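Since the structure of chain A is provided, determine the placement of chains B, C and D with the ligands on it from the hints.
So the chains spell out like this:
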Amino acid sequence: MTTLTLTQAINAGLRKAMEDDPKVVLLGEDIGTLGGVFRVTDGLMKDFGSHRVIDTPLAESAIIGTAVGLAYRGFRPVCEIQFDGFIYPGFDQIVSQVAKLHMRTHGQVRMPLTIRVPFGGGIGSPEHHSESPEAYFVHTSGLRVISVSNPQDAYTMLRQAIASDDPVLFFEPKRRYHAKGEVDLEVDLSRAPSMGAARIVAAGTDVTLVTYGPLVTTALDAAKAAADEGISIEVIDLRSLSPVDYGPLEESVRRTGRLVVTHEASETLGLGAEIVAAITERCFNYLEAAPVRVTGFDIPYPPSKLEKHHLPDLDRMLDGVDRALGRPNSLSGLEG
Amino acid sequence: MTTLTLTQAINAGLRKAMEDDPKVVLLGEDIGTLGGVFRVTDGLMKDFGSHRVIDTPLAESAIIGTAVGLAYRGFRPVCEIQFDGFIYPGFDQIVSQVAKLHMRTHGQVRMPLTIRVPFGGGIGSPEHHSESPEAYFVHTSGLRVISVSNPQDAYTMLRQAIASDDPVLFFEPKRRYHAKGEVDLEVDLSRAPSMGAARIVAAGTDVTLVTYGPLVTTALDAAKAAADEGISIEVIDLRSLSPVDYGPLEESVRRTGRLVVTHEASETLGLGAEIVAAITERCFNYLEAAPVRVTGFDIPYPPSKLEKHHLPDLDRMLDGVDRALGRPNSLSGLEG
Amino acid sequence: MLDATADPGTSPQLGLHQLIAADGAGVVDELLAPFVADVDDEQLLGLLSDMVVIRRIDFEATALQRQGQLALWPPMLGQEASQIGSVRALADDDFIFPTYRENGVAYCRGADLAGIMSTWRGSANTGWDPHEFNMATPQIIIGAQTLHATGYAMGLTMDGKESLAIAYLGDGATSQGDVHESMVFAASFQAPVVFFCQNNHWAISEPVGLQAHVPIAGRAPGYGIPSLRVDGNDVLAVLAATRWAATRARSGGGPSFIEAVTYRMGPHTTADDPTRYRGLTELEEWGAKDPIARLRIFLQSRGKLDADQEAAIEAKADAVAAELRAGCIGTPDPAPMSIFDNVYTSPHAILDRQRDHYERYLASFSGATAANTLVEGTRS
Amino acid sequence: MLDATADPGTSPQLGLHQLIAADGAGVVDELLAPFVADVDDEQLLGLLSDMVVIRRIDFEATALQRQGQLALWPPMLGQEASQIGSVRALADDDFIFPTYRENGVAYCRGADLAGIMSTWRGSANTGWDPHEFNMATPQIIIGAQTLHATGYAMGLTMDGKESLAIAYLGDGATSQGDVHESMVFAASFQAPVVFFCQNNHWAISEPVGLQAHVPIAGRAPGYGIPSLRVDGNDVLAVLAATRWAATRARSGGGPSFIEAVTYRMGPHTTADDPTRYRGLTELEEWGAKDPIARLRIFLQSRGKLDADQEAAIEAKADAVAAELRAGCIGTPDPAPMSIFDNVYTSPHAILDRQRDHYERYLASFSGATAANTLVEGTRS
Ligand SMILES: Cc1ncc(C[n+]2csc(CCOP(=O)(O)OP(=O)(O)O)c2C)c(N)n1
Ligand SMILES: Cc1ncc(C[n+]2csc(CCOP(=O)(O)OP(=O)(O)O)c2C)c(N)n1
Ligand SMILES: [Mg+2]
Ligand SMILES: [Mg+2]
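Heads up: the protein sequence lines correspond to chains A, B, C and D, in order. All you need for the numbering used here is the position in the first sequence, starting with 1, plus 443. All you need for the numbering used here is the position in the second sequence, starting with 1, plus 443. All you need for the numbering used here is the position in the third sequence, starting with 1, plus 21. All you need for the numbering used here is the position in the fourth sequence, starting with 1, plus 21.
These are calculated hints, taken from the structure and not from any lab test. Please note: incorrect hints may appear among the correct ones.
With a cut-off of at most 16 angstroms between alpha-carbon atoms, the simulated EDC-like pairs for lysine to aspartate or glutamate come out as follows [as the list claims (entries may be wrong)]:
1. B/Lys748 with C/Asp362
2. A/Lys466 with C/Asp180
3. C/Lys325 with C/Asp61
4. A/Lys459 with A/Asp490
5. A/Lys748 with D/Asp362
6. C/Lys325 with C/Glu63
7. B/Lys466 with B/Asp627
8. A/Lys751 with D/Glu380
9. A/Lys466 with A/Asp608
10. A/Lys459 with A/Asp631
11. B/Lys667 with B/Asp649
12. B/Lys466 with D/Asp180
13. B/Lys459 with B/Asp649
14. A/Lys459 with A/Glu629
15. A/Lys751 with D/Asp354
16. B/Lys751 with C/Glu380
17. C/Lys182 with C/Asp294
18. B/Lys751 with C/Asp354
19. C/Lys182 with C/Asp114
20. A/Lys748 with D/Asp354
21. D/Lys325 with D/Asp61
22. D/Lys182 with D/Asp294
23. D/Lys182 with D/Asp114
24. B/Lys667 with B/Asp608
25. D/Lys325 with D/Glu63
26. A/Lys667 with A/Asp649
27. B/Lys459 with B/Asp627
28. B/Lys459 with B/Asp490
29. A/Lys489 with A/Glu462
30. B/Lys748 with C/Asp354
Quick caveat, the model's predicted, so the values are computed rather than measured.
Bound conformation, chain A alone (with noise of 0.2 angstroms):
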């Protein structure tokens, strides 16, 4: 075991697969000799060399559509976007090429891309720096999302996105880029859990927490607040955003009979919505109370100073909590 930070250990998981298979190759901007705007790509041009760790010209279209004509040459690109606001320009090579070319050549050719996102906020950034745009890609069909909260996800789920033979989108949660963790270099791919898999973080019997990415953290912290005030709160990582591991969601909501999903993105169409509609779908006579969403709320990304405001936090966590469970004392005052 190995204390990392996540950008460490996403480093070493890139190293690890570069050593690993010449296939894989890295393109983005300034990921060369900066090492990348987050330093999540130290060292590797001066140890792999530029032909495998390519700083490429500044466009993310051809960022995306070009490494889709390396994966056709049998490559493994892994591309970078510098932050998640700059990935829209790349969209369409996204949806209408990564996401679709393996069914359209009936499973001839093969899209073994990655693309790195550092996405969502609280880190005091300009517009455009502090977005969550998950939920666009998880409704695309043909590509799987993940997203990681810990330094041993980040390497371990960060390889086997590189291995997977479809395109996986990899959100980093970049405020947590500094979060430092217990990470095993050595970690066996094919017994560690996949990709795939929901993990229970945190177990409890009152109500099931749904969260992923940077606010995991903020969830485990939730659920001990609320334990002092005798509350359990189940607090659930997806990991896996698309598709979503529903057995461990519904196993814990057939227990707890309450639902609190909750995310950066907008709540409109942002994957709590899914989640719930799924749930209510899979569990409804096991429900006790309506699901509740705790989400940014449906506008664009507001000026760093007034961040705080738009993304859940504890606080917010909790008074969904008090929702779910039809407490009187809850903050909003509203009904679920």
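The following block gives chains B, C and D with the ligands in isolation, referenced to the frame of chain A:
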């Protein structure tokens, strides 16, 4: 009243909007001399000139992006995206500019764009010509999204969309383009129902069937077929997809206790997810069964010879209704 | 010095290059001639045969569309020299990224005729295995394939291969951002990619003048990419130009751009009505520049095309047309449950659930076989 | 003839145009000279003053960022001549579409200093009313604003106005598809738009050579857009070049492209560490070409800049810096509930519900005033 096809109604709506306001200009590929690949803009270039009906070069990002510039200058641009699947190259301009500029400028700049998108399947077309991308835009704060199902709404709501100071995505059900209906060309916009209002198009008591665009006709047929079996379906045409007008939906579900949502778009994070989630949150105590979604599958749009399997039809809708009613003769044999 | 066009190494050759004029007369072109010095009469006959055959494919497919056997067809009438001249300049391991219109190219590459038709029939997503023929599926999103070709070419360099990727694109496509980004990447990485632009003068109803104010071939030099403007109705010149670009690519010379100036004699697709936007004069003018007629005259005037050879070519075309028709009509409809195939390479719980649900749903109509037949009736 | 670069009307002038050399000596440039024939000593002093002032703004903002008063700052150090020379060539009703770096341009346009800072402080989305100053908000999505400028310019033509739109962009931006599409549209519609590209040699850590294999100014002629390459550290030459382009635009001549060759002397933003990717030699080399020093020498050598004038300029800079600092520090945090404002122009049921909910939520912490104060504590 005049009998018009859906395309003729849209054409008349464009014409009226252009007559009423000299700042209304149309931009798109092949919309001028040809009158659009669906002839929606037929005759408009001839009558209004090529400075108001602009055949643009073949570039969707530029169609949207120059419309943004025109809006800065006080114009009300109406962009045509030739087919649903060609909107993605313009996605960045829509999401990062069109949707956000009003907020970015503290309300000082308005983006009264209307983006017309012929959408949906059922016309035997090749790839990228039958998609239902509306959910991407419903998830995008700052946009309004509407879809029409009949010529009168097409005429009225298009004019309302163009008159709106907010950007509007206007989804036209291309497989209903030739459907005819009575249109009051003298309709008073201020008295007509708002483009934001949902409408009950068939009253019923047993189950609420919610849909929009191309499937409204199918849903009405399903309601008729069900009536023969003694099942009373209330059909709601959403009309506005963002924001959804929950008033009539809530009221209906409180009466019926059962909800089915149907659309062509894929299930996962299709609009049905939001409606099921929101209605569950708002009407939990009134629901007698889990809401049901009847949608396209989570696949890229299939080859046209197979599209009938992907698209919800009357039978699949009735199967959904059966499931919502918990009827034993449910075709699928599946529980909720 | 700072004039980007001054260095002969990256200089455009923007005159219209020709080897056979519209009237069938030979033309001297010093740049192109060396690249086809080896082309003998037999090879010329081969090119003629190819063009006649793909024109027949085009007619047959158009007829099949009218008869309801195809959902749509994008004719290549008038562009035979551009398609044949380019594809015949390539080696088998050169990788082709075509648009929807390069069906003649696909045929030359060896793709099965029924396969080629299957996507236009609406029964398949691809008509061939891209890896088997080193040719991607037809691209419908305008311009997108130019990035794929550039990426593939970057991969060739990484793999140390002396091969190339070629992207076909139309004049309309040149307006798309993706095409620009391709040229930026191709130039920066000196990728062995050939941009082969068929300027057929129209993008559906829009004339090329709307997309480009000055000749399209003039853009590439601004990226440091050498560019050639060639008579796209002159199969020999197209062959030579493509070999020029291919030679550059294979010898480490990086990307090249070819503008093949040709004309779309038919509608955009069978769904289009060109009489709404263009006159007969232009059509007649270009009819006089027909690629097949001119090669025929060129050969005849040199006594290299006799009646037997003509007949052999026609017979070949007849056979191909018959094969195409039979293959197309005989293509079975795909199985309903196949819509769930190949979305992912490995199991996917949500989709598997939907598949399972739909399978049971279909089965409920007519017992066990339902899942493999079409559902026509409604239940009520 | 077919050579796109042969027609002088659309021909690029790709030599590097200068009027004042790096050492302060005057240079003869026949193309540019007429455009600044009217510029007298007073105006030159004004340009010097502008440059000194915006350099001070830059230093002050950098300092404020270090002190935690700004979240981020993108320095313009080294690019003063490009910003001042261009903006001072414009009329008030010319509409500017800037990037995040044109803060000196915004200042010259009259925007309030505290306002300019507010977006970098993180307290506002825009620092000024675009309609009041005919200047859009700073664009962060690289290249996107070039389309807005083109559309605005198309609108000017429709309105019959003799005015123009100008898009600022960086060297890195030239790789984006949007920039290409802008040039296509600008050329097709002969829109009165000026593309003003500051080639400051870097896009964060990427040298311009990665984006462009040959000079950037060489691209525009491929679209039929005349192009000028100008010394971006020579304020007089930039003024002249922009007037050249503006004159073309106002007289129906359509779009123009200017590449101002300059250098980003500072980091990309205050968050960047350029020592990771570039050496001191380049920095020293460009330090010797400083835009302010050269104009100073130019004026001094002609006896047109005395100590009093220098002092007056410094005093102005001091005053601006003080105003900026006070304004910035004094900017109040925006009200929490303002996050719901201006998303739509009219009521929106879903958002209104969220607003209502959040208002009640905030109120629950500390009574009625909560909605207008910040919530810091947790409740447990
Ligand atoms: C991104 C995108 N936008 C629009 C279309 C619709 N469309 C199909 S073909 C075509 C014209 C293409 O013209 P060109 O590139 O010249 O090729 P040609 O058809 O002449 O071979 C258009 C606009 C599309 N397929 N993709
Ligand atoms: C679409 C997009 N991709 C990436 C970025 C991140 N980014 C911000 S500035 C920048 C470099 C821009 O370089 P250039 O255009 O030369 O302008 P300069 O910063 O030198 O003024 C990058 C990559 C962005 N803002 N937008
Ligand atoms: Mg064309
Ligand atoms: Mg730069």
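To see whether the hints hold, each was checked on the structure:
For the hint pairing B/Lys748 with C/Asp362, the CA-to-CA distance comes to about 15 angstroms; that is within 16 angstroms, so the pair holds. Straight-line distance between C-alpha atoms of A/Lys466 and C/Asp180 comes to about 10 angstroms, which keeps the hinted pair within the 16 angstroms bound. Restraint check for C/Lys325 and C/Asp61: satisfied, since their Cα atoms lie roughly 10 angstroms apart, inside the 16 angstroms limit. With a C-alpha separation of about 12 angstroms, the suggested pair A/Lys459 and A/Asp490 falls inside the 16 angstroms cut-off, and the hint holds.
Distance restraint check for A/Lys748 and D/Asp362: the Cα-Cα separation of roughly 15 angstroms lies within the 16 angstroms cut-off, and the hinted pair is therefore satisfied. Among the hinted pairs, C/Lys325 with C/Glu63 is consistent with the structure: their alpha-carbon atoms are about 9 angstroms apart, no more than 16 angstroms. In summary, the hint linking B/Lys466 to B/Asp627 is not supported, as the alpha carbons are separated by about 24 angstroms, beyond the 16 angstroms threshold. Taking the CA atoms of A/Lys751 and D/Glu380, the gap is near 14 angstroms; set against the 16 angstroms cutoff, the hint holds.
Taken as a hint, the A/Lys466 and A/Asp608 pair is honoured in the structure, with Cα atoms around 13 angstroms apart against an allowance of 16 angstroms. Distance restraint check for A/Lys459 and A/Asp631: the Cα-Cα separation of roughly 12 angstroms lies within the 16 angstroms cut-off, and the hinted pair is therefore satisfied. At most 16 angstroms may separate the alpha-carbon atoms for a hinted pair to count; B/Lys667 and B/Asp649 meet this at roughly 13 angstroms. A hinted pair counts as satisfied when its Cα atoms are at most 16 angstroms apart, and B/Lys466 with D/Asp180 qualifies at roughly 10 angstroms.
Taken as a hint, the B/Lys459 and B/Asp649 pair is broken in the structure, with Cα atoms around 41 angstroms apart against an allowance of 16 angstroms. For the proposed pair A/Lys459 and A/Glu629, the alpha carbon gap of about 10 angstroms is at most 16 angstroms, so the pair holds. A hinted pair counts as satisfied when its Cα atoms are at most 16 angstroms apart, and A/Lys751 with D/Asp354 qualifies at roughly 12 angstroms. For the given pair, B/Lys751 sits about 14 angstroms from C/Glu380 by alpha-carbon distance, which is consistent with the 16 angstroms threshold.
A threshold of 16 angstroms between alpha carbons decides the hint, and for C/Lys182 with C/Asp294 the separation of about 45 angstroms lies outside it, so the pair is violated. A hinted pair counts as satisfied when its Cα atoms are at most 16 angstroms apart, and B/Lys751 with C/Asp354 qualifies at roughly 13 angstroms. About 10 angstroms separates the Cα atoms of C/Lys182 and C/Asp114, which keeps this hinted pair within 16 angstroms; it holds. Between the alpha carbons of A/Lys748 and D/Asp354 the distance comes to roughly 7 angstroms, so the proposed pair stays at or under 16 angstroms and holds.
With a C-alpha separation of about 10 angstroms, the suggested pairing of D/Lys325 with D/Asp61 holds against the 16 angstroms cut-off. Between the alpha carbons of D/Lys182 and D/Asp294 the distance comes to roughly 45 angstroms, so the proposed pair goes past 16 angstroms and is violated. Distance hint between D/Lys182 and D/Asp114 is fulfilled; the C-alpha atoms sit about 10 angstroms from each other, no more than 16 angstroms. Of the supplied pair hints, the one linking B/Lys667 and B/Asp608 is violated, its CA atoms being roughly 39 angstroms apart against a limit of 16 angstroms.
As the CA atoms of D/Lys325 and D/Glu63 are separated by approximately 9 angstroms, the hinted pair is consistent with the 16 angstroms bound. Our distance criterion of 16 angstroms between C-alpha atoms is met by A/Lys667 and A/Asp649, whose separation comes to about 13 angstroms. For the hint linking B/Lys459 to B/Asp627, the alpha-carbon distance of about 12 angstroms falls within 16 angstroms, and the restraint holds. With a CA separation close to 12 angstroms, the supplied pair B/Lys459 and B/Asp490 stays within the 16 angstroms bound.
Restraint check for A/Lys489 and A/Glu462: satisfied, since their Cα atoms lie roughly 14 angstroms apart, inside the 16 angstroms limit. Proximity of B/Lys748 to C/Asp354 is assessed by CA-CA distance (about 7 angstroms); at most 16 angstroms being required, the pair is judged to hold.
Checked against the numbered hints listed earlier, the structure breaks hints 7, 13, 17, 22 and 24; every other hint is satisfied.
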